[in-house]
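Going down the list, the protein sequences come from chains A, B, C and D. Just so we're aligned: 234 in full-length UniProt numbering is position 234 of the first sequence, and the numbers increase by one with no gaps anywhere. Just so we're aligned: 340 in full-length UniProt numbering is position 340 of the second sequence, and the numbers increase by one with no gaps anywhere. Just so we're aligned: 314 in full-length UniProt numbering is position 314 of the third sequence, and the numbers increase by one with no gaps anywhere. Just so we're aligned: 280 in full-length UniProt numbering is position 280 of the fourth sequence, and the numbers increase by one with no gaps anywhere.
Source of the hints: derived by calculation from the structure; they are not laboratory data. Idealized CB from N, CA, C, for every residue including glycine. All clues stand as given, with none of them false.
Cross-link-like lysine-lysine pairs, in silico, BS3-like; alpha carbons within 30 Å at most:
| no. | chain 1 | residue 1 | chain 2 | residue 2 |
| --- | --- | --- | --- | --- |
| 1 | A | Lys279 | D | Lys57 |
| 2 | A | Lys37 | C | Lys115 |
| 3 | B | Lys83 | B | Lys57 |
| 4 | A | Lys57 | D | Lys273 |
| 5 | D | Lys279 | A | Lys37 |
| 6 | B | Lys105 | B | Lys227 |
| 7 | C | Lys279 | B | Lys39 |
| 8 | A | Lys39 | A | Lys68 |
| 9 | C | Lys39 | C | Lys57 |
| 10 | B | Lys273 | B | Lys105 |
| 11 | D | Lys83 | D | Lys57 |
| 12 | B | Lys273 | C | Lys57 |
| 13 | C | Lys128 | C | Lys87 |
| 14 | D | Lys68 | D | Lys57 |
| 15 | B | Lys279 | A | Lys115 |
| 16 | D | Lys279 | A | Lys57 |
| 17 | B | Lys279 | C | Lys37 |
| 18 | C | Lys83 | C | Lys115 |
| 19 | D | Lys115 | C | Lys279 |
| 20 | A | Lys87 | A | Lys37 |
| 21 | D | Lys128 | D | Lys227 |
| 22 | D | Lys37 | B | Lys37 |
| 23 | D | Lys39 | A | Lys279 |
| 24 | C | Lys273 | C | Lys227 |
| 25 | A | Lys228 | A | Lys166 |
| 26 | B | Lys37 | C | Lys279 |
| 27 | B | Lys87 | B | Lys105 |
| 28 | A | Lys273 | D | Lys39 |
| 29 | D | Lys115 | D | Lys228 |
| 30 | C | Lys37 | A | Lys115 |
Partial chain D-side listing against chain B, Cβ under 10 Å, derived:
| no. | residue |
| --- | --- |
| 31 | Val46 |
| 32 | Gly182 |
| 33 | Gly190 |
| 34 | Ile192 |
| 35 | Leu195 |
| 36 | His196 |
| 37 | Asp239 |
| 38 | Arg242 |
| 39 | Val353 |
There are 4 protein chains.
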Amino acid sequence: MTLRTCVVGASGFVGGELLRILLQHSGVEVVCATSRKFKGEYVYRVHPHLRGFTQLKFVEPTIDAALKADVVFLALPHGESVKWVPKLYESGVAVFDLSADFRLKDPNAYVEWYKWPQPHPYPDLLQKAVYGQPELHRNELVGAKLVAVPGCMATASILMLAPLAKHGLLGGAPPVVDAKIGSSGAGAEGSIVDLHSYRTYVVRPYEPVHHRHIAEIEQELSLLAGKKIRVAFTPHAVDLVRGIFATGHTYVERLPTEADMWKMYRALFGDSKFIRIVKDRLGIARYPNTKYVIGSNFVDLGFELDPRLNRVVTFAAIDNLVRGAAGQAVQAFNVAFGFPEDEGLRYIPLAPV
Amino acid sequence: MTLRTCVVGASGFVGGELLRILLQHSGVEVVCATSRKFKGEYVYRVHPHLRGFTQLKFVEPTIDAALKADVVFLALPHGESVKWVPKLYESGVAVFDLSADFRLKDPNAYVEWYKWPQPHPYPDLLQKAVYGQPELHRNELVGAKLVAVPGCMATASILMLAPLAKHGLLGGAPPVVDAKIGSSGAGAEGSIVDLHSYRTYVVRPYEPVHHRHIAEIEQELSLLAGKKIRVAFTPHAVDLVRGIFATGHTYVERLPTEADMWKMYRALFGDSKFIRIVKDRLGIARYPNTKYVIGSNFVDLGFELDPRLNRVVTFAAIDNLVRGAAGQAVQAFNVAFGFPEDEGLRYIPLAPV
Amino acid sequence: MTLRTCVVGASGFVGGELLRILLQHSGVEVVCATSRKFKGEYVYRVHPHLRGFTQLKFVEPTIDAALKADVVFLALPHGESVKWVPKLYESGVAVFDLSADFRLKDPNAYVEWYKWPQPHPYPDLLQKAVYGQPELHRNELVGAKLVAVPGCMATASILMLAPLAKHGLLGGAPPVVDAKIGSSGAGAEGSIVDLHSYRTYVVRPYEPVHHRHIAEIEQELSLLAGKKIRVAFTPHAVDLVRGIFATGHTYVERLPTEADMWKMYRALFGDSKFIRIVKDRLGIARYPNTKYVIGSNFVDLGFELDPRLNRVVTFAAIDNLVRGAAGQAVQAFNVAFGFPEDEGLRYIPLAPV
Amino acid sequence: MTLRTCVVGASGFVGGELLRILLQHSGVEVVCATSRKFKGEYVYRVHPHLRGFTQLKFVEPTIDAALKADVVFLALPHGESVKWVPKLYESGVAVFDLSADFRLKDPNAYVEWYKWPQPHPYPDLLQKAVYGQPELHRNELVGAKLVAVPGCMATASILMLAPLAKHGLLGGAPPVVDAKIGSSGAGAEGSIVDLHSYRTYVVRPYEPVHHRHIAEIEQELSLLAGKKIRVAFTPHAVDLVRGIFATGHTYVERLPTEADMWKMYRALFGDSKFIRIVKDRLGIARYPNTKYVIGSNFVDLGFELDPRLNRVVTFAAIDNLVRGAAGQAVQAFNVAFGFPEDEGLRYIPLAPV
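Here chain A stands alone, though its shape is the one from the complex (with noise of 0.2 Å):
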């Protein structure tokens, strides 16, 4: 089986990623590659790295190139997706859409967390989307025709925090999740803080209090919880290009043994193939670490207990292009489709880098 697929937004560090992978995907051909702004002008013009592996052209952004790919994937800013995938959806194509327009369940969260005037104009296909992130939503994912592909920073702080929730641990103050991510988060039309002298040797905060993936976070633990889940999180842009790394303190009433969180850790994620735990006694890496991941669709996950405090302390690392976007869409995409969950994606991290 090769299925068409096309990458509408296809210049920027996630477009560029999808492509990266899907060019060594060997159940799927890449047709297409949209850009509005290098439209004309070869993939590998924009992505250097892709010199020698696609001789594509990028094409004017319009619905109808899409709908000649049997799979697309979309690449598009937050609000421009949810003029894409009604028609697409309709016409049968399926659809991995890597912004935020179909992620949360509720229409009028899309006015709080996103500033959309209205709440989402399309409340049944939010019901339809599956949020995509297969280690929660394995079985949702199989045949799936529209798949909300998560957040970066949201997908390190779910899959860290979701045993938790899970197992009743998130009941008292609301987990502090402490979140760092390297300026490719920041996408490819960078603005002048984005610049390489002002954005090396930054550590700094932004959206402190209320970024938007704190919907998400909210939603999905909440879902693994039976009830409703706040979390306080807050990001910092690091020196980093790749990578998110993310911190969670929790209060507990009643600390776990390390036998208990390991316990917990295993039951969610003891078969996926892309979780490590990373809790060790010896070694340069005892804990989860951006550097060990990069190239990589891993999510590393680790904790420690704080028994002076009974804080327990998790930690997850990703690389934000292939596990906070590009791969994870492609690993939702497997699983959608029935090919090896990791097909495309079995890459060693590269390190030391």
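The hints should help you fit chains B, C and D onto chain A, whose structure is shown.
Just chains B, C and D, lined up with the frame of chain A:
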């Protein structure tokens, strides 16, 4: 007045920074710089940026050598200073100790936090030592002969939370302090994980629930609050050379207003030459950022209020080698000896870098 | 004496660096900082490191505004300064122009190297302008009212080769100058390739055979040699913010001895406060290194002899924003106005950074 | 066919990279990984990115252990391999030696370039060893049992200049090769200057006139040219982990045309899977750039002509750990054993990183 000063432990990063600052201090002559490893070698061969500024050679670290100075800065490992301080102190030499050996008032705390086999052997000296954070102990510093210069991450954490402590906002769940620090914090005697190829591209936690700086953070905040305060402190190594960023997450019963916050910070720090409150509606730095304090003695503090969760988020950015060590030592020295508090420390931060 | 100075084009990196230096210069008051883009905005909102050091706001760049100053520093793009200089010069304001517009003595050179449609319109002013490299034009600078501050890569290249030029060693094949430069050289108005994610991890050449600095390098070396000297200059972008490193490869007929080399460099630069010859048998920096000049006005020069191939290898490291621009401008200003040559420039380099 | 392979010296960067590649090679089983320092330890504790891909533990490096494999990759320091190779070779094990010990055909060259006290003790084996650069020695590699894998900087330098050598353009002044290399080239046993705080922000030359790779560069170019070629080679440490960029400056009597250049490069490399000629009029990478080869076995080559000075400027960018070491070793192994030349090496470079 020109004071003869000696830097003991002068080949490391903190030692180098002490030399950089003291060589440009109008009231000081650097008469010795010790290094066991490099004794006999020109200082500029280990600190090449000092070439042209000093013809000193490193000498063997001995108490006799130090006794020839009026003022001694000890940049020694924890557990070493304690062997030097009593004799120097008795001899009337003023001592600025950059290790942890005289920071904690409770002699037993050294057993818990520094794994000493016995309580501190000089409990009387502990009481005489002034905790050298000038903004909080300015009066005690005047004329002080033994100053325990605070830890780098402790400095950021304490100053950021001091106004909350003082105004009774730290009464609930222990504030979470999530810190990020550059590689120079690990010193110049690196282990394998400090090598460039291993230390780039990292975000990784270390000692995530029992870091030694907790002891002094809690000591100082408790002093300010007038009751026992505990702190959930978790540091992370990030890909910087210099710089510490601390983020505080404090749940409060009743959220202060923004005006309250400004008042609290100004009340405590309004007269300090080295504290800037960075909380802006406009511009490219609306919160603190490590990038804009490098090379300076500034502590940039900021905050944000989270009305959704009754959370006060606080921020601090410092240069760990200046404000987290050498600069703060010289600031304390200036207060102790009656120099203008910013003598030798009037550098504008270097940016971009 | 306090001179009123105006920085025109103050929102870029060079403008910010001029402000940083001038705000700490004892003989200067900064009375205006212009920026078309940010007019009306506080300077510290664009240069957050300057917070607390100035309450100036950017003003519209107009000649009238500049005329209120005694001294004007023009940090404008090439081709812009030429519109400002004649009027300022006529009015008796001293002008330090950091663009290339008055560096070349030959009016036609602007057609060849800067693609001007016509020769330079003010050939008389070209003759009056002093090329502001104090080590080579110190006498001419005294009292100068129009100074063309050298280009950043030209500064490193010229100073490194000047002793060879002066002593007749550049007579054979043109020396190869292979230069490496950080991102701040590209200015604060970045294009896509200047974004952090694109600009990290690069070593890439640009304008490898016809870079515009060649014109001034050849002009100055020819002047020193007393005959036409040509240079094969190839710059590379590397992953630094600040810093230029130039490596010269010169084949000579008869290899000088090491003692000869020292003599030549000392003869030319022995009395300069800002030139350090770094050529050591021991220590961690036996040749120049960008790392040890950051934040300072130093030019670290070095060399090695290749007896196998009769090649003289020369090295120069500078901070492009200080010695390659703002610092050199202030150094030239100091000479012009009779200040100590290092007034405002006595910073020890910041290391490690 | 599944070949049993052993990686000797597996705890370093090159060893780690060999493991990363071989663990994904379809024709290979990794049966041993040696490390004196880490024997008994799980491989993933030293190479955390390999967690989940192997349960191997390091074993003591002994010839007996290696003899159990069909193929041995020696990632040992120079001077060590020579102790292993004769015995392994006699026993019929295929050896891919990544040290310099069998690269030079002239036994005396080891005295000059590697400071051996005596000429090479196995001159016969030197003759049997194939210099493992597949693009230049593909035929000799078929069936080879002893392969000397080229040095990292030699690889970039030789391939970049090979077409010029072959076509007689290297007859005049020795070409200048100015190289830039990342920190992983120094290996995982770092000295003080390899620490993160010392190794960031550097551009510094090392061994600027007598680097050991000169010997193999001259050997190979002389072979291609049919006469003795000398090269003026100067490497620089830059602030990268991976990556080598080499710039060649060659004065020629008669400048070739651009079409000539394309022809020469295509003639030699047209059929190579791993060589890309990057010379474009448009796009964000018109010349090679380290950024776009990271994680891959590609050699990106480019050039520019300088008609002003009759200079041919050539460029090469490689990942030093892949194409400069482990990847080239596996490529040579593939040719030797009849695997597709790119087996295990089909990675698209990872960008941005």
